[in-house]
Amino acid sequence: MVSILKRGLAIIILLVIGYWLAQGLSGVPFGQDKMLVGQYYLNHVKQQTGAVNAVTAVVVNYRGFDTLGEVTVLFIASTGVGALLWGKNRKRTARTEGSVVLTTGTRLLVPFVILFGAYIFIHGHLTPGGGFPGGATIATAFLLLYMAFTMYEIPYKAFEKTEGIVGMGYVVVGLIGLAIGGYFLFDWIWQTWGWGHNNIGRLFSGGFIPVIYTIIGIKVGTELSGIIDNMLKEEVKE
Amino acid sequence: MNGQYASLLIAIPLLSAFFVPLIKGLGKRAIKSYVLMITAIQTGIAAWVFKEVYSTGKPIIVIAGGWKPPVGINLYIGYFAALFILIVAVVSFLMAVFNFKAVTIEPIDKYAMLFLLLMLGATGMIATGDIFNLFVFMEITAITAYALTAYNKTGEAAEASLKYMILGGIGSSFFLIGVALIYGATGTLNMAQIAQLAGHINPTVAQVGLALIIFGLAVEAELFPLNAWAPDAYQAAPHPVTAMFSAFVVKAGLYAMARVLYLMSSVGTWHNVLKLLVVMATLTVVVAEFSALRQRNVKRMIAYSSISQVGLIALAFALGTQAGVDAGVFQMVNHAIIKVLLFLGVGYVAVQLGGADIENFRGLGRKMPATAFGITIGAMAAVGVPLFNIFWSKLRIILATLQVGYTWAAFLVLAASVVEAVYYFRLVHAIWFEGEGERVGESVPLVIIMIALAILVIAIGIYPNYAWSISQKAGADIFNVAQYIKNVPLMGVGA
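Going line by line, the protein sequences match chains A and B.
Here the first sequence is numbered in the working numbering, starting from 1 and rising by one per residue.
Here the second sequence is numbered in the working numbering, starting from 239 and rising by one per residue.
Read the hints as simulated data drawn from the structure, not as lab findings.
Treat the hints with caution; some may be incorrect.
As the list claims (entries may be wrong) - Among chain A residues calculated to face chain B with C-beta under 8 Å, some are: (1) L21; (2) Q23; (3) G38; (4) Y40; (5) D66; (6) T72; (7) G82; (8) E160; (9) G182; (10) L185.
Stated by the list, open to error - Listed next, the stretches of chain A that the computed footprint assigns to chain B, with coverage defined by at least 3 CB atoms under 8 Å from CB atoms of chain B: (11) 51-64; (12) 74-80; (13) 172-180; (14) 186-198.
Claimed, not checked - Straight-line C-alpha distance at most 30 Å; calculated DSSO-like pairs for lysine-lysine: (15) K262(B) - K161(A); (16) K401(B) - K6(A); (17) K270(B) - K91(A).
Since the model is a prediction, treat every value here as computed from it, not as a measurement.
Glycine residues also receive a C-beta, built at the ideal position from the N, C-alpha and C atoms.
So that you can see chain A by itself, here it is in the shape it has in the complex (with noise of 0.2 Å):
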C-alpha cells in the first residue's frame, strides 16, 4: 500500500516536473537564428586563427581556456583511478591469452591505429576530429594489446610522466602567450609571427592549433592507457 503510494507520488512529481521542463524547452526558439557569437566565429575564423575547421578553432583558439579545463578534468580523472586504485604490488591476473586471430590483427593493427591517431588529431584544425578523439584512437591500440596478450603492459611509469610532461606544456603554450602577446593563451604562432598566413587549409597553418591538438592527443592517449591498466590490474599477495 505504502509502496503504491509512493510510486504514485513519484509519478505525479515527475509529470510535474517535466510539464515544467516541456514548457520551458518549447520556449526556446528552435531551429531559428539565434547566433549572437556564433556567426562572429562563422565570419572571422579564417583570418584570425587560421584554422579551416570553425569548430576547432573555437574550442582550441576562441575558447582554449575551456579546453585546458577539460584537459584538467580527463587528468583528474585518471589520476583520481591512480589514487583510489593505488596498492603496492599490483600486476596483471588474465589467464587466457587471446586467440590466433585477436594476436594476429593487433600485431598487424596497433602501428597503424596509432597513426591514425597521430593523423586525427595532427589535422585537428583541417578536418573534423582533434586531439580528444586522437588521443582516445591511440589509447585504443594499447587497449588492444592488452585483450591480446596476458604478460603486456605498458611502460606506465613513463606514461605518467609524459602526461605531467604535455600537460605542463599546453600550460607552458599558454604562457608564452602571456609573455608574448599579454594574454594567456594567447595564440602568438598565428598572429604574432603570422605563420602560415598563406597556407590557409595545408597543415602548416591554425597557429598553435595543431601545436595544442599534438598536446593533447599524447596527454588524452597516455591518461586512458593509464586507466586501463590501472582498472586491469590487481592486487597480487605474494
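Given the structure of chain A, go ahead and fit chain B onto it with the hints provided.
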C-alpha cells in the same frame, strides 16, 4: 604590473600539478613541502591581486587568448573574487601545513595533485566570467572532491564518495541543461551579456533555466534536500580536505549560485525562484542543526553545523536585497575562518588520539590544551556568542531577513541557533570539565595556526568594521549587476 598576470592564479596550480609526476620519486616529505611551496606562491599572487583590486577599486578582467568577451572567455576578478581567491589560497596554504601531520596514506603524489587541483577548481569557479567556463571549473572542483573523499580507501569513504558522485553528477547535468536553455534563448555564454539580455528572454524559459542551474549548484552548495552526501563526505575525507570543503569548496558553489541568481534579476519570474531558495535554505539550517544534535562523532557534528551555516548564507543571498547579500558575504568570510579552525583542531585531535569520537574529547583540556583552546574559541564563535565574529554576521542576516518580511524564517533560524548552542556547549563541557588525561605533545606550527585563527576570530568580533566594509564591497560586487555589465569590455557582437 599588468592585470593579465592574474591568469597566473590559474596557470601556476595547473603547471605545478602537472609537474608532480616528475618528482614523485623524491619521497613523501619532499612532495608535501612542494605543495606547501606552491600554495605559498599562490597566496602571494592572490595577495597581490587583492591589493591591486582593493586599492584601485577596479576589477581585473583577464582576457583569455586575447579574444574580447563574449567571443572569448574572461575572468572577472572584482571585489568578491579578489577576497575569496585570497581566502582559498590562504586556507590551502594552512592545510598544506596540516598535510604533514594528517595525511600518511599512499599515494601522496596523487594526493598532492588532487589537492592543488581542488584549489585551482575553486579559484576558477570564483573568478570566471563565463557560464560554461563556470561549468568546467565546477567539474574540476567536483571530480577532485569525489576522488579526495574516497582517498582514505575505507568502506565509508567509498560509500560517501559514491553518494557524492551520484548526486554531483545529477547536479552537473541539471546545471548543463540550464546553461543550454539559457544559451538557446540568448545565443551567448558570457555572464555579463546574459545579464544584459536577461530581460528579453521568454520568462518561462528564463525561470526553467535559472531553476535548473540553481538546483545543479545546490548540490555543491549543500542545500536541503540535495545535501545528503555532505556529512558522509566530510567525515570520510582526509582532515585537511574536510577543512577545504567547508572553507571554500561549498563557498564556491554558493557564490556561483548567488552570481547567476543576481545576473538574472531582471527576469520577470525572478521572485518565484527566490522564494523557493528561501524555503530550501531555511530547511537546510533547521534540518542540519537537529541532525547535528544526535551525532557522537565530533567531525560529523561539525560537518552538520557547517551545513547549517551554509544554509544561513544561502538564506541571506536569497533575500534579494543589498543588505542580505552583504551579510551573506560577511558570514562567508567568518564561517571560512572558524570552520578551518574547528576542522583543523578536531582533525588534529583525531590524528593524535585515534578518531574523532566524543570520547576522545573528554579531558582534552588537559591532554592538548592549545588545541582545546582553539576548538573552544571556534565553538563559541560558531554559536554566535557576542564579541566573536559570527555574532555580527548572524545578526545582520537576521536583521536583513526581518527587513524583507520573512519573520518565520528569522524565527526558525534563531530557534536552530539555540540547538546549535546546546551541542557546541556540550562539546566544550566535555573538553574542559570531563575526563582525565595525560599531556600529549602538540605540533608547534599547528598550534601557531590555531592561535592565529583564534585571534582573528576575536579581532573581527571586537572590531568588525574593517571586515564588514570589505564584505560590503564584495557584496555590492554581486548585487550591483549594472556595474558588473559595465566593467566587462563586451565587444558589440549582436547586442
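How the hints compare with the structure:
1. The interface hint given for L21(A) is met, as the beta carbon of that residue sits about 6 Å from the closest beta carbon of chain B, less than 8 Å.
2. Annotation: interface hint on Q23(A) holds; nearest CB of chain B at approximately 5 Å, less than 8 Å.
3. Satisfaction of the interface hint for G38(A) is found here, the shortest Cβ-Cβ separation to chain B being roughly 7 Å, below the 8 Å cut-off.
4. Interface hint status for Y40(A): upheld, as the beta-carbon distance to the closest one in chain B is roughly 5 Å, under 8 Å.
5. At a threshold of 8 Å, the smallest CB-CB gap from D66(A) to chain B is about 5 Å, leaving the interface hint in force.
6. Contact between T72(A) and chain B, as hinted, is supported at the beta carbon level, the nearest pair being about 6 Å apart and thus within 8 Å.
7. Taken as an interface hint, G82(A) checks out: its beta carbon lies about 5 Å from the nearest beta carbon of chain B, inside 8 Å.
8. Interface restraint check for E160(A): the shortest CB-CB distance to chain B comes to about 5 Å, inside 8 Å, so the restraint holds.
9. Taken as an interface hint, G182(A) checks out: its beta carbon lies about 6 Å from the nearest beta carbon of chain B, inside 8 Å.
10. For L185(A), the interface hint holds, since its Cβ comes within 8 Å of a Cβ in chain B; the closest pair sits about 4 Å apart.
11. Note: the region 51-64 of chain A has 4 residues with beta-carbon separation from chain B under 8 Å; the three-residue rule is met and the coverage holds.
12. Three residues within the 8 Å Cβ limit are the bar, and the region 74-80 of chain A against chain B gives 5, so the coverage statement holds.
13. As drawn, the region 172-180 of chain A meets chain B at 5 residues by the rule of a beta-carbon pair under 8 Å; at three or more, the given contact holds.
14. Look at the region 186-198 of chain A against chain B: 3 of its residues bring a Cβ nearer than 8 Å to a Cβ of that chain, three or more, so the hint holds.
15. Note on K262(B) and K161(A): the hinted pairing holds, with a Cα-Cα distance of about 10 Å set against a maximum of 30 Å.
16. Pair hint K401(B) plus K6(A) holds up; C-alpha atoms about 22 Å apart against a cutoff of 30 Å.
17. This hinted pair checks out: K270(B) and K91(A) have alpha carbons roughly 28 Å apart, not beyond 30 Å.
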